[in-house]
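Chemist: Input sequences plus hints: build the corresponding full structure.
2 protein chains.
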Amino acid sequence: MNGTVYLVGAGPGASDLLTVRAARLLGEADVVFHDALIAEDVLRLASAAKKIPVGKRCGRHSTAQHFINKRLADAARSHRVVVRLKGGDPMLFGRAHEEIAYLTSRGVRVEVVPGVTAALAASADLAISLTRRGAARSVALVTPRVGKGERESRWVASVLAADTAAIYMGAGEAGAIAAALIGAGKPAQTPLALVEDASLPGKRVQYATLADLPRLVTRGGPTLILLGEVYREALASAGLQPLSRRAGS
Amino acid sequence: MNGTVYLVGAGPGASDLLTVRAARLLGEADVVFHDALIAEDVLRLASAAKKIPVGKRCGRHSTAQHFINKRLADAARSHRVVVRLKGGDPMLFGRAHEEIAYLTSRGVRVEVVPGVTAALAASADLAISLTRRGAARSVALVTPRVGKGERESRWVASVLAADTAAIYMGAGEAGAIAAALIGAGKPAQTPLALVEDASLPGKRVQYATLADLPRLVTRGGPTLILLGEVYREALASAGLQPLSRRAGS
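These protein sequences, in sequence, are chains A and B.
The first sequence lines up with residues 1 to 249 when you count with the numbering used here.
The second sequence lines up with residues 250 to 498 when you count with the numbering used here.
Just so you know, these hints were derived from the structure itself, not from any lab.
Keep in mind that the hints are not guaranteed to be accurate.
Covered stretches of chain A, going by a simulated chain B footprint (3 or more residues, C-beta under 8 Å) [unchecked claim]:
no., region
1, 9–19
2, 89–103
3, 132–138
Even for Gly, the Cβ is constructed at its ideal location relative to N, Cα and C.
Modeler: Here it is as structure tokens:
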């Protein structure tokens with residue numbers, strides 16, 4: 001028996017924001033290896049599959065990657081449909097490269113099923129386009145790496161050069177992110193939207209300025225920082241400027 | 250009767266790469282206003298709906314935008330489920346802003362359903378991550394605007410600052426894009442993947458260098474230019490370097 005390993009994007013969280021193909025493959029799957037943060041509703045679609053949690057979405061537990069690779073290859077030897085389910089889209093911050101390289105080098109067939117990434121789901125929640133005619137024609141998608149020297153400051157340059165930026169997996173380092181961006185010349189008054197648990201019933205949106213980012217409080221859910229002039233109108237309507245004044249800025 | 254206008258992402262082309270929610274809404278829709286480039290297979294999901302083609306995906310026919318806005322508002326007055334179907338994702342290069350602003354100002358309820366954007370579908374076709382640990386942590390998504398002065402050169406800066414870039418709607422201006430990027434300092438030997446009709450049965454992938462971009466031939470389908478070091482290995486394997494030699498560079 002030679003199965004296929006499907007690297008499947010689980011989308012942003014809501015189970016009906018999986019693609020039709022992803023939902024079908026989960027229904028057909030014999031085994032599903034999934035990231036820790038995949039929603040229960042999504043896993044329930046894999047009703048007949050053995051479900052095996054592996055690793056963290058944010059890429060911690062990196063020592064386990066070789067072990068995951070090996071388990072995927074083993075599973076494809078005894079099962080027809082093996083799904084490797086990843087939050088969002090597999091090809092964007094999904095660390096898919098190691099798994100694809102390992103599997104193809106061992107002759108295991110791999111197919112990738114794209115998914116809705118968090119920046120698009122959060123933008124749908126806000127009903128604010130990442131791009132807007134006359135205001136924004138470039139979007140940077142980045143993961144921050146703070147205080148690690150010149151090579152790692154490329155994420156900062158990327159955010160500064162784009163009209164709109166989506167910063168993934170940065171909520172835990174809000175202070176350092178704001179300092180790095182403002183230090184590099186991004187105006188402190190740049191409007192932003194902080195979106196937690198995008199697409200889920202408990203989603204939460206906060207509008208603020210870049211200077212205020214470190215003072216925003218999150219609940220620990222997946223959080224995206226959206227930054228750019230396209231959020232100025234929403235920030236003004238949300239009336240969050242008092243936060244700056246309270247903090248004396 | 251007060252209906253809702255759903256701005257729905259149709260995804261990259263394949264009908265099973267719509268989200269489950271998008272497919273359900275198309276099935277429930279009374280009317281579907283769709284871009285010109287939406288695939289027949291996708292439109293077929295809206296079996297009970299009146300289907301009205303409006304405008305072009307690439308944003309030409311801009312004079313008609315006000316007319317589209319008005320038709321959407323009118324439709325919501327007499328129908329429960331009105332779908333505005335846009336290629337890819339509505340909030341990325343989808344020109345959704347005008348429609349949302351018009352509809353909400355007239356008290357029409359709007360919901361946005363995100364979709365799989367072309368850069369992710371093309372990356373799934375290639376099985377090459379846009380980001381790769383140690384090599385790429387930032388991605389620029391841009392639409393080029395060539396030879397229009399300083400303000401419009403921001404797309405160039407954005408591509409140069411990011412590790413990987415996805416250039417949407419640029420196939421018709423390949424020569425000017427390559428000249429603008431190389432002129433701004435992007436190495437002429439930067440590897441790229443040109444992906445036409447991503448996710449569709451007739452998809453076509455060409456690996457080349459930035460210098461060779463103007464010599465690549467497309468068939469007129471939706472085409473995405475993916476640019477960055479993450480494509481170097483695939484370019485080497487594809488053995489397309491002879492193209493440079495033939496052209497004398």
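Chemist: Tell me, which hint numbers fail for this structure?
Modeler: none
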